[in-house]
Every structure is written in C-alpha cells, then in structure tokens.
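Going down the list, the protein sequences come from chains A and B.
What the first sequence shows, in the UniProt record's numbering, is residues 1 to 216, in sequence order.
What the second sequence shows, in the UniProt record's numbering, is residues 1 to 269, in sequence order.
Since the hints were made in silico from the structure, they are not lab data.
Ideal Cβ positions, reconstructed from N, Cα and C, are used throughout, including at glycine.
Mixed in with the good hints there might be a few duds.
Stated by the list, open to error - Taking lysine-lysine and the DSS-like style, the derived pairs with C-alpha atoms no more than 30 Å apart in a straight line are:
(1) B/LYS106 x A/LYS113
(2) B/LYS106 x B/LYS38
(3) A/LYS113 x B/LYS38
(4) B/LYS151 x B/LYS38
(5) B/LYS151 x A/LYS113
(6) B/LYS99 x A/LYS113
(7) B/LYS38 x B/LYS143
(8) B/LYS106 x B/LYS46
(9) B/LYS151 x B/LYS225
(10) B/LYS143 x B/LYS225
To be verified - Computed footprint of chain B on chain A; a stretch qualifies when at least three of its residues, placed anywhere within it, have a C-beta under 8 Å from a C-beta of chain B:
(11) 104-115
(12) 176-183
Unchecked claim - Heads up, incomplete: computed chain B residues facing chain A, CB under 8 Å, no partners named:
(13) PHE31
(14) GLY32
(15) ASN68
(16) GLN75
(17) GLN77
(18) CYS81
(19) ASN82
(20) VAL85
(21) ARG101
(22) ARG104
(23) THR121
(24) GLY129
(25) MET136
(26) HIS161
(27) SER163
(28) SER166
Here are the chains, one letter per residue:
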Amino acid sequence: MLELLQRAAPFLLQALWMTVWLGLVSFILSLMVGFVVAVARMYGPWPLRFPAIAFVSLIRGTPLLTQILLVYYGLPQLGFTIEAIPAVILTLALHAGAYTSEDIRGGIQSVDKGQWEAGYSSGMTFAQVLRRIVAPQAVRVITPSLGNRFITMMKDTSLASVVTVVELTRVAEQIGSASFRYMQMFVIVAVIYWVINSLLSLGQAKLEERMRRAYR
Amino acid sequence: MNSQNSNLAGVPHTHPAGVCQIRAENIHKRFGNLEVLKGVSLTVNKGEVVVIMGPSGSGKTTFIRCLNFLEEPDQGQVMVCNLDVACGLRVASRERSSKIRQLRVKAAMVFQSFNLYPHMTALGNVIEGPIQVLGMRRDEAVKSGEQLLAKVGLADKRDEHPSRLSGGQKQRVAIARALAMNPEVVLFDEPTSALDPELHEEVLQTMRQLAGDGMTMIVVTHEVKFAHEVADRVVFMADGVVVEEGLPQEILVNPQHPRTRSFLRLVDH
C-alpha cells in the first residue's frame with residue numbers, strides 16, 4: 001500500500017490540483033450564473049423571465065452526467081466542439097448555477113420589503129439597493145446553502161472522469177486498472193475527497209459564525 | 001369631484017420664485033377593486049408642518065407614500081420644488097425614473113417600521129445615502145453624519161448596529177438618515193405607531209425640534225397632542241378623500257365634519 005501510494009503520489013497530486021481547480025472555477029462561475037438567473041427570474045421582463053424559469057427547470061430535471069455527455073459528445077455533432085475541461089466547467093457552472101439561483105432567489109426574497117423601500121426612498125437605483133442594501137443581507141441567509149453547494153460541486157467534479165479529464169477519480173481508475181489494485185486506489189481517492197470537503201465544512205462553519213456576528 | 005378647498009388656512013396660492021413648494025394634485029390610487037385615493041390634493045409650503053390624520057383605511061399612508069413614489073399614483077401629479085412628475089401614463093422612461101429619484105432625494109421618508117439597514121452601524125445608515133446617491137466624499141459624509149446623530153441625541157451610538165438600539169433610538173437614527181439627504185421635506189409615515197408608548201416622546205421631541213428648525217414636514221400620525229402643538233395645518237382624510245383641513249385648533253377642537261368628530265372622539269387626547 002505504501003509503495004503504491006508512493007508510486008501514485010505524483011499523479012494524485014496533479015489530479016488533486018485538477019479537482020480543486022475544476023471545483024473552484026466552476027463554483028465561482030456558478031455563483032455568477034445563479035445571480036444572473038435569479039435576478040432575471042425575479043425582476044426581468046418576461047422575455048428574460050421565461051428562459052430563466054425554463055433553464056432552471058431543465059437543469060434540475062435532468063442528470064448532471066447526461067448534461068456533461070451532451071455537452072462534450074453531443075454538441076460537436078452540431079458543430080460546437082468544446083475541449084473536455086472547458087466543457088466540464090461549463091456544464092458544472094450551469095448545473096450548479098440553476099440550483100444556486102434558487103438559493104439566491106430565496107435569500108433576496110427573505111430580505112424585508114422595507115429595506116428596498118428605505119433604499120429607494122433615499123433616491124437609490126435598483127442596482128444600488130440590490131448591491132448595497134439587499135445583497136449583503138441576503139448573503140448572510142444564503143451562506144449555509146452555498147457552502148453545501150460548494151461541497152456538492154467538489155464531489156460532482158468526479159464526473160469529469162467520464163469525458164477524459166484527468167482528475168482524482170480518473171487517476172484512481174487508471175492506476176487501479178494498471179496495477180489491479182482498484183480497492184486501494186479508490187479508498188485513497190475517497191479519503192482525499194473527504195479531507196477536502198471536511199476542510200470546506202470547517203471553513204463554512206467559520207464563515208457562518210462570522211456572519212452571525214456581523215449584525216451586532 | 002374634488003371639491004376640497006386647499007386654501008383654508010390662509011395659505012396664499014402664489015409664491016415668490018425660488019421658494020420650494022410641495023404639491024400633490026388630484027392623486028388617485030387603486031389597489032385592485034379598491035379605490036384607496038379618490039383625488040387627493042395637498043399643497044405644503046416651505047417650513048410648514050402638516051399633519052395628516054384619519055381612520056385606518058382612509059388612505060393617508062398610501063397618500064404620503066405616493067409623494068415619493070413608493071406607490072405609483074394611477075393619476076395625478078406630484079411636484080417637489082421644481083421637480084414635477086405626472087402620473088397615469090405608466091410609461092417607464094429613463095428620464096422619468098431619474099426624475100423620481102431626484103424627487104425622492106428632496107422628499108425623505110421616515111417609516112413606521114424604521115427600516116434601518118441592519119448590516120450597517122447607526123453612522124453607516126446615515127452616510128449611505130449621501131455617499132451612494134449624492135456622491136459625497138466619505139469623510140464629509142461621516143462628519144455631517146456625526147453631527148446629525150448628535151442632533152437626534154445619539155452621538156454615542158454611532159458604531160452600534162440597529163439590533164442594539166431601542167425602538168425610539170432606531171427611529172431617531174432613521175430621522176437622522178432622512179436629514180442626511182438634505183431634503184426639502186421630510187415625510188413621516190406614522191413614526192411612533194410601532195413604538196411602545198413610553199418611547200413615543202423621544203421621537204416626538206426630535207420631531208418638534210426639527211419643526212422648530214424650520215424643516216418642512218408632512219406627518220401621518222394619530223398623535224393629537226403633537227398635531228396640536230406642532231402642526232401649522234391639520235388635514236383630515238377619510239375614505240380616500242380630504243374631508244376637512246385647517247388650523248389645528250379648528251380641526252382638533254371644533255371639527256365641522258361628522259367623520260372628523262367621530263374619529264377624534266375615538267383617539268385619546
């Protein structure tokens with residue numbers, strides 16, 4: 001086992017970096033997607049609102065794996081060829097963005113209507129009230145669910161392995177098949193995922209604690 | 001239709017140029033099938049304190065909210081100083097929205113439920129508008145914000161968040177926040193109604209002081225004593241119209257309209 005670990009270490013390290021990078025970039029993009037979709041859905045005129053609702057419904061109603069395969073293997077048939085890594089990032093960002101948009105929508109709606117009125121009555125624009133008054137309060141409400149989304153995202157990056165992206169799960173599979181030691185490799189990789197997500201949970205708890213203090 | 005005479009209290013109709021006047025003309029507002037305002041007009045001169053009273057459902061809160069477009073009137077016209085916004089067209093244009101924002105700066109609002117920004121300190125609440133909307137430099141905004149907090153007696157609460165303040169203190173911060181925009185008129189929407197009785201006085205005291213400074217104020221309230229002492233004019237509303245309007249001693253002591261009489265019997269004074 002130790003010897004296997006030693007041999008696999010350089011590959012695992014590289015794969016770990018890929019996994020974390022995939023998760024982080026996709027998560028940040030998903031926040032932007034979620035915010036835009038949430039605002040379009042709540043405040044957009046109907047030509048924006050309808051696509052936003054349809055987008056959320058389609059994404060939530062279909063499996064992530066299907067979506068990844070569709071983007072990577074399906075789109076080239078229509079003339080859109082996307083490299084594996086961008087394809088995965090795109091899909092993860094859109095997928096998580098649909099869920100995040102619902103979190104963000106809930107968070108924004110949880111802010112008292114009087115806050116909008118106070119902002120508007122002092123002459124602020126929609127964007128100013130949203131940015132300065134409503135969003136900072138919504139963020140505190142949304143943080144726990146966004147933390148969970150991030151953790152889910154980290155695990156979902158494993159699906160990138162099916163479209164040839166060399167991340168943790170694919171490395172485990174490759175080394176496992178080359179050495180016939182699948183069990184050991186998948187246990188190692190599972191532990192790595194667990195450690196990443198435990199660290200994230202810890203960070204999430206710290207962040208939530210800080211946000212609770214901020215009102216006092 | 002609109003037979004209310006808004007010239008009862010000896011207020012002259014014409015004013016020298018440059019003096020700011022707040023005028024609402026023939027304001028109509030409907031929520032679904034309910035016609036809340038059936039053509040309300042009001043003219044308030046600079047430095048005047050006008051108290052609007054009336055039973056709940058009379059439309060007084062809707063009316064004052066129409067004055068800074070928290071409710072969009074279905075019909076009518078709102079004028080604050082030289083800013084004139086016509087309603088009823090419902091055509092949202094950039095130009096109109098920008099005019100409404102300018103009008104809101106001149107007509108600051110104090111809410112029944114305070115609506116302080118909970119994520120900001122008392123000072124943060126006061127300087128937010130000046131920095132974001134008026135484009136004031138932060139150090140200037142802080143300086144005048146501190147002065148305003150001192151004026152409402154809360155200089156020492158500068159760095160407290162609203163959750164640490166009492167209701168009366170919150171409302172005083174809200175008043176400071178309104179004043180920070182350097183408005184032409186302050187609109188008060190039942191400023192003491194959400195407060196415990198023992199906290200009314202500190203807010204009313206702040207408002208008296210403001211009136212004494214010559215601030216133009218339109219106040220929706222049930223505080224008869226306050227109206228008596230401070231108001232230059234009392235407007236009585238019922239069922240979406242102004243039924244009676246005049247000097248406080250006329251309206252509050254010797255009301256002519258039966259709706260005013262029955263209402264005043266009900267509120268203690």
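Report task. Mind checking the CB of B/CYS81 against every CB in chain A and telling me if the closest is under 8 Å? Result -> violated (14 Å)
Query - B/LYS106 paired with B/LYS38 [C-alpha distance capped at 30 Å] - result: holds (25 Å)
Report task. Could you grab the alpha-carbon distance between B/LYS38 and B/LYS143 and see if it respects the 30 Å cut-off? Result -> violated (44 Å)
Query raised in the report: With a cut-off of 8 Å, does the beta carbon of B/THR121 approach a beta carbon of chain A closely enough for the hint to hold?
Result: violated (10 Å)
Query raised in the report: Is the hint on B/MET136 kept, meaning its closest Cβ partner in chain A is under 8 Å away?
Result: Nearest chain A Cβ about 12 Å off; hint violated.
Query raised in the report: How about B/PHE31: closest beta carbon in chain A under 8 Å, or not?
Result: At 15 Å from the nearest chain A Cβ, B/PHE31 fails the 8 Å test, so the hint is violated.
Report task. Go through the hint on B/HIS161 and say holds or violated, using the shortest Cβ distance to chain A against 8 Å. Result -> With a closest approach of 6 Å, the B/HIS161 hint holds.
Query raised in the report: Does B/ARG104 pass the interface check with chain A, least Cβ-Cβ distance below 8 Å?
Result: holds (4 Å)
Query raised in the report: Under the criterion that the straight-line Cα-Cα distance not exceed 30 Å, is the pair B/LYS143, B/LYS225 satisfied?
Result: Violated, at about 35 Å.
Query raised in the report: Given the hint that B/LYS106 pairs with B/LYS46, does the C-alpha gap stay at or below 30 Å?
Result: Answer holds: B/LYS106 to B/LYS46 is near 12 Å, not above 30 Å.
Query raised in the report: Against chain A, is B/ARG101 within 8 Å by beta-carbon distance?
Result: At 5 Å from the nearest chain A Cβ, B/ARG101 passes the 8 Å test, so the hint holds.
Query raised in the report: With 8 Å as the cut and Cβ atoms as the points, is B/SER166 at the interface with chain A?
Result: violated (15 Å)
In summary, the numbered hints that this structure violates are 4, 7, 10, 12, 13, 14, 16, 17, 18, 19, 20, 23, 25, 28.
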